[in-house]
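Protein chains: 2
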Amino acid sequence: MQINSINGGITAVEGVKAAGIKKGKYGLALISGGGTAACVYTKNSFKSGSLLVTNEHIARSGICNAVIINSGCANAFTGDEGIRDAEKICKMVAQHLKISPETVLIASTGVIGVRLDMDLILSEFNLIKDKLNSSPDASRMVAEAIMTTDTHPKEVAVEIRGSNGFVIGGVAKGSGMIAPDMATMLAFIYTDAALDHKTLQDALREAVNHSFNMTVVDGDMSTNDMVLLVSTGRRSNVAITEFQAALSHVCESLAKMIAADGEGATKLIEVMVRGAVTKEDATMAVKTILRSPLVKTAIFGGDPNWGRIASAIGYSGACVQEDKLSIELAGGGLTASVLYQGKARNEMDVASRIFDENEIQILVDIGLGDEEAKGWGCDLSYEYVRINAEYTT
Amino acid sequence: MQINSINGGITAVEGVKAAGIKKGKYGLALISGGGTAACVYTKNSFKSGSLLVTNEHIARSGICNAVIINSGCANAFTGDEGIRDAEKICKMVAQHLKISPETVLIASTGVIGVRLDMDLILSEFNLIKDKLNSSPDASRMVAEAIMTTDTHPKEVAVEIRGSNGFVIGGVAKGSGMIAPDMATMLAFIYTDAALDHKTLQDALREAVNHSFNMTVVDGDMSTNDMVLLVSTGRRSNVAITEFQAALSHVCESLAKMIAADGEGATKLIEVMVRGAVTKEDATMAVKTILRSPLVKTAIFGGDPNWGRIASAIGYSGACVQEDKLSIELAGGGLTASVLYQGKARNEMDVASRIFDENEIQILVDIGLGDEEAKGWGCDLSYEYVRINAEYTT
Numbered sequence: 001m002q003i004n005s006i007n008g009g010i011t012a013v014e015g016v017k018a019a020g021i022k023k024g025k026y027g028l029a030l031i032s033g034g035g036t037a038a039c040v041y042t043k044n045s046f047k048s049g050s051l052l053v054t055n056e057h058i059a060r061s062g063i064c065n066a067v068i069i070n071s072g073c074a075n076a077f078t079g080d081e082g083i084r085d086a087e088k089i090c091k092m093v094a095q096h097l098k099i100s101p102e103t104v105l106i107a108s109t110g111v112i113g114v115r116l117d118m119d120l121i122l123s124e125f126n127l128i129k130d131k132l133n134s135s136p137d138a139s140r141m142v143a144e145a146i147m148t149t150d151t152h153p154k155e156v157a158v159e160i161r162g163s164n165g166f167v168i169g170g171v172a173k174g175s176g177m178i179a180p181d182m183a184t185m186l187a188f189i190y191t192d193a194a195l196d197h198k199t200l201q202d203a204l205r206e207a208v209n210h211s212f213n214m215t216v217v218d219g220d221m222s223t224n225d226m227v228l229l230v231s232t233g234r235r236s237n238v239a240i241t242e243f244q245a246a247l248s249h250v251c252e253s254l255a256k257m258i259a260a261d262g263e264g265a266t267k268l269i270e271v272m273v274r275g276a277v278t279k280e281d282a283t284m285a286v287k288t289i290l291r292s293p294l295v296k297t298a299i300f301g302g303d304p305n306w307g308r309i310a311s312a313i314g315y316s317g318a319c320v321q322e323d324k325l326s327i328e329l330a331g332g333g334l335t336a337s338v339l340y341q342g343k344a345r346n347e348m349d350v351a352s353r354i355f356d357e358n359e360i361q362i363l364v365d366i367g368l369g370d371e372e373a374k375g376w377g378c379d380l381s382y383e384y385v386r387i388n389a390e391y392t393t
Numbered sequence: 001m002q003i004n005s006i007n008g009g010i011t012a013v014e015g016v017k018a019a020g021i022k023k024g025k026y027g028l029a030l031i032s033g034g035g036t037a038a039c040v041y042t043k044n045s046f047k048s049g050s051l052l053v054t055n056e057h058i059a060r061s062g063i064c065n066a067v068i069i070n071s072g073c074a075n076a077f078t079g080d081e082g083i084r085d086a087e088k089i090c091k092m093v094a095q096h097l098k099i100s101p102e103t104v105l106i107a108s109t110g111v112i113g114v115r116l117d118m119d120l121i122l123s124e125f126n127l128i129k130d131k132l133n134s135s136p137d138a139s140r141m142v143a144e145a146i147m148t149t150d151t152h153p154k155e156v157a158v159e160i161r162g163s164n165g166f167v168i169g170g171v172a173k174g175s176g177m178i179a180p181d182m183a184t185m186l187a188f189i190y191t192d193a194a195l196d197h198k199t200l201q202d203a204l205r206e207a208v209n210h211s212f213n214m215t216v217v218d219g220d221m222s223t224n225d226m227v228l229l230v231s232t233g234r235r236s237n238v239a240i241t242e243f244q245a246a247l248s249h250v251c252e253s254l255a256k257m258i259a260a261d262g263e264g265a266t267k268l269i270e271v272m273v274r275g276a277v278t279k280e281d282a283t284m285a286v287k288t289i290l291r292s293p294l295v296k297t298a299i300f301g302g303d304p305n306w307g308r309i310a311s312a313i314g315y316s317g318a319c320v321q322e323d324k325l326s327i328e329l330a331g332g333g334l335t336a337s338v339l340y341q342g343k344a345r346n347e348m349d350v351a352s353r354i355f356d357e358n359e360i361q362i363l364v365d366i367g368l369g370d371e372e373a374k375g376w377g378c379d380l381s382y383e384y385v386r387i388n389a390e391y392t393t
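In order, the protein sequence lines correspond to chains A and B.
Counting from 1, one number per residue, gives the positions in the first sequence under the working numbering.
Counting from 1, one number per residue, gives the positions in the second sequence under the working numbering.
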């Protein structure tokens with residue numbers, strides 16, 4: 001099987017139309033078309049009104065014919081009013097597109113604790129509602145409309161060719177409040193592969209676990225995260241293994257874009273942990289390294305202070321043994337073994353050059369078993385502090 | 001019972017002598033005198049050679065007659081050689097003071113993965129070994145010698161008066177790699193209260209749980225942390241409840257100094273969570289708020305973006321319910337209720353003035369039970385990034 005990148009994002013999938021607008025901090029995006037839907041949500045106990053309505057609609061109908069997404073306001077900690085606002089917006093979209101309100105989903109991202117500005121959303125909706133189209137530009141407008149502190153729009157599309165070929169396209173946003181073990185951002189993924197709700201849901205959960213759930217910017221977990229997967233059902237007899245591989249590829253591509261565009265990030269970090277006794281150990285070690293402010297600042301500073309990586313592994317909860325642990329750094333075609341089976345190695349000059357690269361790999365061998373895990377994150381810069389010290393003011 | 005602050009630190013306790021030296025990044029401190037000892041260590045799976053030797057000595061002898069502490073090198077990830085280095089240093093101290101090497105303890109703090117510079121330690125030892133004395137200056141020299149990125153030496157002494165009165169004095173260091181749920185730094189506490197090993201150990205564990213273990217700078221856990229409590233045994237018949245209260249006071253004072261002196265910190269944050277169903281829930285909520293980079297950067301920026309506090313509580317793992325949650329901010333004599341039982345309150349002007357203060361309290365009422373917990377941390381500033389981007393280079 002070959003996964004070919006193709007032009008565009010969600011509109012690369014036949015039958016999907018999109019439109020979006022961005023005015024300063026506030027944006028609105030509309031996607032029409034679709035069918036069977038699956039969704040993965042944040043594990044935060046506090047969930048936004050928009051997310052609660054989406055959850056309710058999917059649970060009842062299992063169908064998504066349209067999605068409306070606003071940026072600038074999270075519609076979280078807005079109580080029953082927030083739920084009513086979200087329902088009103090879904091109804092407005094449903095009336096315009098002549099579909100059932102239960103097949104309209106809504107997502108919000110932005111500041112917590114503020115009601116949605118319904119007048120603004122109505123006026124923005126009136127500007128975009130008749131502009132729905134299936135051009136690559138339309139997908140790009142959605143990717144731009146849902147950005148908050150993102151510096152780049154994020155979209156991807158792939159095609160699997162052949163008689164049972166299919167297409168998957170996705171857009172995402174995410175830059176801060178990115179923690180492991182949850183959806184961690186907004187992503188909307190469309191496919192023409194005809195699969196039932198349970199198959200879509202299982203495939204999405206599996207892909208999310210190895211992509212978005214292995215992405216860390218700051219370890220903070222949002223009230224609004226969701227990853228939506230919608231099938232238009234136009235291509236039948238798709239091989240599920242091929243679909244899973246392509247969906248995982250799409251999710252991993254978007255997850256890496258999110259990590260690379262972490263707030264203030266100057267470097268993309270990939271952490272690979274091998275030789276763990278259990279899969280859970282490997283996963284915990286990856287996430288703990290990616291989350292460590294000391295590792296992140298060392299990488300920002302280009303300082304290959306690997307002791308901080310070792311220390312993070314030590315407190316990750318994974319089963320470890322000092323004289324089995326090895327750490328390699330890689331980047332820009334160079335590799336440095338800084339710790340081999342518990343012994344420090346004098347490769348700091350090469351390590352320093354690696355840490356000056358924009359993409360850095362940290363390869364850990366725990367040396368006790370056969371399990372492994374991989375994840376992505378970014379460095380912690382002055383810019384992260386600036387962005388977040390000045391977010392609402 | 002009244003706890004009176006008195007002048008000095010560890011040398012306020014009769015029979016305790018101290019000496020210290022600091023040369024650039026490297027320091028050495030020596031403390032003599034003592035008796036029964038108790039100790040709490042880091043929970044990091046990787047432990048420094050110095051810590052392993054101290055643990056072994058206390059386990060065997062239960063006695064501490066001297067402590068030697070170096071700063072600048074952690075003696076961690078140094079394998080058997082690191083253990084042998086630490087044993088050699090203990091033997092050197094023992095010969096000079098004519099005591100058993102098993103009653104000499106050693107602590108190290110600094111860069112991980114580098115062998116101790118034995119020549120430097122020997123030459124510094126020769127400079128201080130005959131300068132041991134019991135003046136307040138001697139305690140201060142120890143507090144200064146053990147500093148790494150600390151900007152202030154940290155010491156405290158208290159006296160409980162009366163026929164069964166006693167004294168407790170302590171010094172500590174800690175600024176970065178400060179995480180909850182472990183010792184999180186180095187602290188050396190002396191008392192003249194005559195208590196057996198088990199009583200001292202229980203009292204120390206209790207005091208540490210509510211002080212150092214509730215302190216967060218960055219959530220990173222060191223390989224070297226320890227809190228040592230040593231009794232000279234000169235004051236007998238001490239009431240254990242009074243001792244516990246005084247010891248907790250000393251630990252809390254040192255913990256707050258560490259939080260206030262967190263790397264790059266401009267503000268001390270105290271978080272109090274009430275109304276939790278379990279003590280564990282309250283503790284998790286406190287630590288999650290204090291650890292959140294988004295809360296910490298908002299406080300640095302003076303931006304009372306309480307949604308980030310609410311979001312952190314939501315993902316802390318504590319049992320919560322949106323319409324029961326209340327959040328108050330306090331500081332500089334002002335109080336602002338920003339969220340009351342799930343409803344946002346329009347007190348943002350006062351909240352902004354509070355967030356401009358140097359000491360800020362976050363008061364959370366989960367509204368579901370009777371359990372509570374308290375902890376301390378600091379903001380996340382440009383300076384934290386600078387310090388840690390340039391630590392070893």
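Keep in mind the hints are simulated off the structure, nothing from the lab.
Every residue gets a Cβ at the ideal spot worked out from N, C-alpha and C, and that includes glycine.
Honestly, I wouldn't trust all of these hints.
[Claimed, not checked] Reference listing, derived: stretches of chain B covered by chain A, where coverage requires no fewer than 3 residues with Cβ under 8 Å from a Cβ of chain A: (1) 82 to 91; (2) 355 to 361.
[What the hints assert, rightly or not] EDC-like mimics (lysine to aspartate or glutamate), calculated; alpha carbons at most 16 Å apart, straight line: (3) 343/B x 322/A; (4) 343/A x 322/A; (5) 43/B x 322/A; (6) 343/A x 80/B; (7) 88/A x 130/A; (8) 343/B x 119/A; (9) 374/B x 280/B; (10) 343/A x 322/B; (11) 324/B x 80/A; (12) 43/A x 81/B; (13) 23/A x 119/A; (14) 324/A x 80/B.
CA of residue 324/A to CA of residue 80/B, is that 16 Å or under?
holds, 14 Å
Within 16 Å, alpha carbon to alpha carbon, are residue 343/B and residue 322/A?
Measuring from Cα to Cα gives roughly 50 Å; hence the hint is violated.
Mind checking the alpha carbons of residue 343/A and residue 322/A for me, to see if they're no more than 16 Å apart?
Judged against 16 Å, a Cα distance of about 9 Å means the pair holds.
Between the alpha carbons of residue 23/A and residue 119/A, is the straight-line distance 16 Å or under?
With Cα atoms ~14 Å apart, residue 23/A and residue 119/A stay inside 16 Å; holds.
Distance restraint between residue 343/A and residue 80/B, which requires alpha-carbon spacing of 16 Å or less:
The given pair, whose Cα atoms are some 10 Å apart, holds under the 16 Å limit.
Distance restraint between residue 343/B and residue 119/A, which requires alpha-carbon spacing of 16 Å or less:
Distance ~22 Å between residue 343/B and residue 119/A Cα, so the pair is violated.
Assertion that chain A covers the stretch 355 to 361 of chain B - criterion: three or more residues, beta-carbon distance below 8 Å
With 0 residues closer than 8 Å to chain A, the stretch 355 to 361 of chain B misses the three-residue bar; violated.
CA of residue 324/B to CA of residue 80/A, is that 16 Å or under?
holds, 14 Å
Hint consistency between residue 343/A and residue 322/B [alpha-carbon to alpha-carbon, up to 16 Å]
violated, 50 Å
Has the given pair, residue 43/A with residue 81/B, been kept, meaning a C-alpha gap of at most 16 Å?
Between residue 43/A and residue 81/B the Cα gap is close to 46 Å, so the pair fails against 16 Å, i.e. violated.
Within the assertion that chain A covers the stretch 82 to 91 of chain B, do at least three residues meet a Cβ-to-Cβ distance smaller than 8 Å?
violated (count 0)
Does residue 280/B lie within 16 Å of residue 374/B when you go C-alpha to C-alpha?
holds, 12 Å
Hints 1, 2, 3, 7, 8, 10, 12, counting from the list given before, are not met by this structure.
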